[in-house]
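Student: Listed here are the chains, written in short residue letters.
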Amino acid sequence: MNKINRKVVRTEDLNFWQKLYIPEILKGMKITIRQMFLPKFTRQYPEEKWIPPPSFRGRPVLVEENGKERCVACGLCSRVCPALAIEVQAAETELSKERYPVKFEINMLRCIFCGLCEEACPEEAIVMSKDYELTFFSQEEAIFGKDKLLMPIDELKDRLEFLRKYR
Amino acid sequence: MDILISLIKIIVYLGVLLFTVSYLVLVERRVSAFIQNRIGPNRVGYKGLLQPIADVLKLMIKEDIVPKLAYKPLHRLAPIISIVVALSTFAVIPFGDKIVLFGQEIKLQIASVNVGILYILALTSIGVYGIALAGWASNNKYSLLGGLRSSAQIISYELSMGLSIIGVILISGTLELDKIVEAQSGWRWFIFLQPVGFITFFVSVFAETNRLPFDLPEAEPELVGGYHTEYTGLKFGLFFLAEYANMITASAIVTTLYLGGWQFPYLNTFGISDFWLSIIQILTFISKVLIVIMFMIVIRWTVPRFRYDQLMNLGWKWMLPLSLANVIVTALIIYLVE
Ligand code: SF4
Ligand code: SF4
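Chains as they are written, first to last, in the working numbering: chain Y, 1 to 167; chain Z, 1001 to 1338.
It cannot be assumed that every hint is accurate.
[As the list claims (entries may be wrong)] In silico DSSO-like pairs for lysine-lysine, Cα to Cα no more than 27 Å straight-line:
id, chain 1, residue 1, chain 2, residue 2
1, Z, LYS1062, Z, LYS1141
2, Z, LYS1317, Y, LYS7
3, Y, LYS157, Y, LYS130
4, Z, LYS1062, Z, LYS1047
5, Z, LYS1107, Z, LYS1179
6, Z, LYS1062, Z, LYS1072
7, Y, LYS27, Z, LYS1317
8, Z, LYS1047, Y, LYS40
9, Y, LYS19, Z, LYS1317
10, Y, LYS49, Z, LYS1047
11, Y, LYS146, Y, LYS130
12, Y, LYS148, Y, LYS103
13, Z, LYS1179, Z, LYS1098
14, Y, LYS7, Y, LYS68
15, Z, LYS1009, Z, LYS1141
[Claimed, not checked] From chain Z, some residues computed to sit far from chain Y (all C-beta separations above 10 Å):
id, residue
16, GLU1028
17, ILE1061
18, VAL1100
19, THR1174
20, TYR1244
21, GLY1271
22, VAL1303
Just so you know, the hints here were simulated from the structure itself, not pulled from any lab data.
Positions of the beta carbon are idealized from the N, C-alpha and C atoms, including for glycine.
Please build the complete structure, drawing on both the sequences and the hints.
Tutor: Structure follows, in structure tokens:
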């Protein structure tokens, strides 16, 4: 049998009132009007902000502990980053065998928020924050240096705890 | 003096109508947002009340793009036809009985044409030119399809619309709209005397105003934007305005023909002074029109769009026979009663 011209067989025929269509429309309107009085889902964004759960991957930041970054400039994050967004330049500290990043830059236009840098870091020095508001007016502004990347550890407690629990 | 009064009436009515149209857009957006559990535009001004002004300003500032291959004169003319027709239909609609202001008796109707209904039918038929010409002159296949659909749709539904009105004319025995309203004093509204005629007329009104469920001429998912795909800026704004003006006019016609116009049942038995009587009548008319408009908006978010064949099926196989039968039955009853 020709598949396209097959007659559609309804399992249940519409009764007379349903075929009239108008009572059904009125019923539908009742549902529509009821919807108007239900609570709204809209969030008034700039005033009312969404606070993400700890599992959220916002912009990657450097953990700042006792006024210093934890990062030891091993360069693993930079190696693993699939988007080649991270640039680290190491330098030595006064202590022997210790290094710190003189330059740590993440190009936020390249970052894809995959969280691989966070996974690769041996020091838990780079983690994904809850910050999702990223706007810039130029490409230069989008390259975040250490000044913008450092974030005190207190603000990152949630995420660190989450990482310890689930990683 | 008469001319002056007419001019004042025209200015007042144009102002009120344009104001209502622009706010109707806001109302529709807010109501549809509420139906979808959203809030809708609420940023410009208090609770978004200045949104229409922002919209109009935006439309005026926008670049006016005319496609290279468009037929320019008609491309320019089409939105003008649409808006002129939409606004001038309102001229014959009585929005109150009479009001005495400064010792002058003023009839609350701009033009008391003795063939008022014919005038309305004629103008709504011209309205289709705006859409069809816009579709054709844009030189775009989607626009053309939209324009053609609109002409086919309006022609098919005009028949049942005209036939349903005949029932009203038979009962009231006149083509003048103010007389028709007068004939509906008390509870003798034609919606109760002509229920079938009301339904066929109302459905045809949806088709004539291109409102969902019959908005095939501008079906966004199928035709991009239909006949106004190639319009930008103020010209698009005119089409938009015309659409909503049409909606108001259509609701006003429905109110006048079937819902008793400005009649407030048994109002003159309450013993109110003449001036307040007229005011209440005007308010009655406005609120009736608003109720019809709200009904149209809620219907829009309830019923999905018809397929084209379903539309034609409904028009020719159901609406036309129904309205014809309505005319015959009405005529028979009137013949037997008299
Ligand atoms: S989140 Fe992914 S893309 Fe972004 S800096 Fe880390 S590794 Fe690179
Ligand atoms: S992986 Fe960690 S410690 Fe190594 S450079 Fe990146 S942030 Fe610093």
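Student: Hint by hint, note whether the structure agrees.
Tutor: Structure-based check of all given hints:
| no. | hint | verdict |
| --- | --- | --- |
| 1 | LYS1062/Z / LYS1141/Z | holds, 24 Å |
| 2 | LYS1317/Z / LYS7/Y | holds, 21 Å |
| 3 | LYS157/Y / LYS130/Y | holds, 11 Å |
| 4 | LYS1062/Z / LYS1047/Z | holds, 25 Å |
| 5 | LYS1107/Z / LYS1179/Z | holds, 13 Å |
| 6 | LYS1062/Z / LYS1072/Z | holds, 19 Å |
| 7 | LYS27/Y / LYS1317/Z | holds, 24 Å |
| 8 | LYS1047/Z / LYS40/Y | holds, 15 Å |
| 9 | LYS19/Y / LYS1317/Z | holds, 14 Å |
| 10 | LYS49/Y / LYS1047/Z | holds, 20 Å |
| 11 | LYS146/Y / LYS130/Y | holds, 18 Å |
| 12 | LYS148/Y / LYS103/Y | holds, 12 Å |
| 13 | LYS1179/Z / LYS1098/Z | holds, 13 Å |
| 14 | LYS7/Y / LYS68/Y | violated, 75 Å |
| 15 | LYS1009/Z / LYS1141/Z | violated, 42 Å |
| 16 | GLU1028 | holds, 13 Å |
| 17 | ILE1061 | holds, 23 Å |
| 18 | VAL1100 | holds, 40 Å |
| 19 | THR1174 | holds, 29 Å |
| 20 | TYR1244 | holds, 20 Å |
| 21 | GLY1271 | holds, 37 Å |
| 22 | VAL1303 | violated, 6 Å |
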